[in-house]
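Peer 1: Using the hints, position chain P against chain B.
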Amino acid sequence: MSAFERRSVISGIGQSAIGRRLNRSGVDLTIEAAREAVADAGLTLADIDGLSTYPGGGGIGGSGFAGPGVVEMQDALRLELSWYSGSAEGAAQMQAVINAVMAIGAGLARHVLVYRTVTEATEQGSGGRRPISTGAGGAGGMVQWTLPFRAYSAANWLALYAQRHFHEFGTTREQLAQIALNARRNAEANPKAILREPMSMDDYFAARMITTPFCLFDCDLPADGSTALVVSVAEHARAVDHVAPVIEAVGTGFRGRPSWDQRADLTTMGAHDAAASMWERTDLTVADVDVAQLYDGFSFLALSWLEALGFCGHGEGGPFIDGGGRIARDGELPLNTAGGQLSGGRLHGFGFLHEACVQLRGEGGERQASKPVEVAAVGNGGGPVAGAMLLTRG
Amino acid sequence: MDDPHIRVLPALDVDNEFFWTSGKDGVLRFLRCADCDVLIHPPVPYCAQCGGRPEPAAVSGRGTLYSFTVNHQAWDGTTDPYVIGLVAIDEQPDVRLTTNIVECAIDDVRIGMPVEVVFADHDPIYLPFFRPVTP
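For the record, the sequence lines run as chains B and P. Reading the first sequence from the start, the letters are residues 2 to 395 in our numbering. Reading the second sequence from the start, the letters are residues -7 to 127 in our numbering.
Only chain B is shown next, with the shape it has when bound in the complex:
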């Protein structure tokens, strides 16, 4: 097996201010995160010869979703690049990191700055969560099959997955709540998380319903913020003064139909394909994983990722998280230790990559997992969007 992944390390990480309505531009936030990551990697901007982001320029996805494209950031930072990429089609948000790893494996670059920036909180203002937007002239492509039926949001599309899971396996809202309550407990220990007030099961059940079975606290929180990583050639690990996590394996597979509603079994998602393809690329097994950072754009997605990666069997996600002890910071599988997107803020996939590195580096402070962290699993995406990654301390 040609493990191109292991020719790279994550040499630096950075994160801008994160919050609600920071009223700063995406470029501004990205510069803050990028400079922190590059300095953390022991480099200067002159050393950066690759640039990668998700989803790249073109303004897809509506207000504050896309962040600046590679062209804007290359020019703002006056980078001289050997390779660059910005793309929305791929293994979820982390495809931007995987592209960087591939570029390094192929010898096209030595130090790639990778970033994901959102300004959804500022752009959406006080109007609340927005539906998926469509241009004038009607809905085309995939959304023509959902928008005419007032299924405006991924909340609706994924509620159909959750409801089917509840139906087939007896999964309950009390179980699903553990994803949200665990995220909140971890957010309390993360100074950068947005929602840090303690939350009880009663608070969860008192929240207004969005789309059954999802209440407000099952849905992530639009945020402003930028996350940056520097992916470097593996030998650079010796030049930094901290652990430089190694990408053990990436999961880029997609084997079912790439559709929100035509997948053969909607109690699984693209996550299951991505996870399966990740495990095919490593000798490590699920038993080796110490912490999991799993996409929680909706609480149910994290539950589904737990099943997809094999932490429990198909349909057993509810009992696995029941009571919340197993996924707590002092449990057998600490989950979403920075508060996830549910309480930390919707950094759109990259928050999980950042936190996996923090945990592997042992720099979580109050939110550091109780157990030693040698291996971290990361999942990005939900429904037909998925990418998986296994990181080690190297």
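It cannot be assumed that every hint is accurate.
Not close to chain P: a few residues of chain B, all C-beta gaps over 12 Å, as computed [what the hints assert, rightly or not]:
#1 L46
#2 D76
#3 G142
#4 T173
#5 F206
#6 A238
#7 R282
#8 V287
Cβ-Cβ distance ranges computed for the label pairs, FRET-style [unchecked claim]:
#9 Q41/P to L46/B: 49 to 55 Å
#10 E175/B to P73/P: 21 to 27 Å
#11 D68/P to F206/B: 24 to 30 Å
#12 T45/B to G43/P: 55 to 61 Å
The set of hints was computed from the structure by calculation and includes no laboratory data. Yeah, the Cβ is synthetic: ideal placement off N, Cα and C, and Gly gets one too.
Peer 2: Positioned in the frame of chain B, the structure of chain P alone reads:
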């Protein structure tokens, strides 16, 4: 049926027009492969199973509710809860339609219930909704 809601309607194109206009005569149609009879949805002019050329074909309009969600969020400014359903088509249950479940009290909606198509008239577009089959 009349539909009180202002909706985002599909943009018609050469591949999807037959589907979205099919309800004018009250009949639901999908592409069906002329060679192997498999239904193909969303419509593309190719049968990935045998390489054949599909044509629109009528189906019964009957299906089974595979999943549903009761929406409460006022995405479009309206606050009344409504049911978004996912219906598996009787002739080929791996073909599903995201739809609205109508003519049914919200508390009576159940996964597995038999449903039948009823079209919402947005001439020239007819949106396939589903209602419980009345015995």
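Peer 1: Where does the structure disagree with the numbered hints, that is, which hint numbers, in rising order?
Peer 2: Structure breaks hint 3 only.
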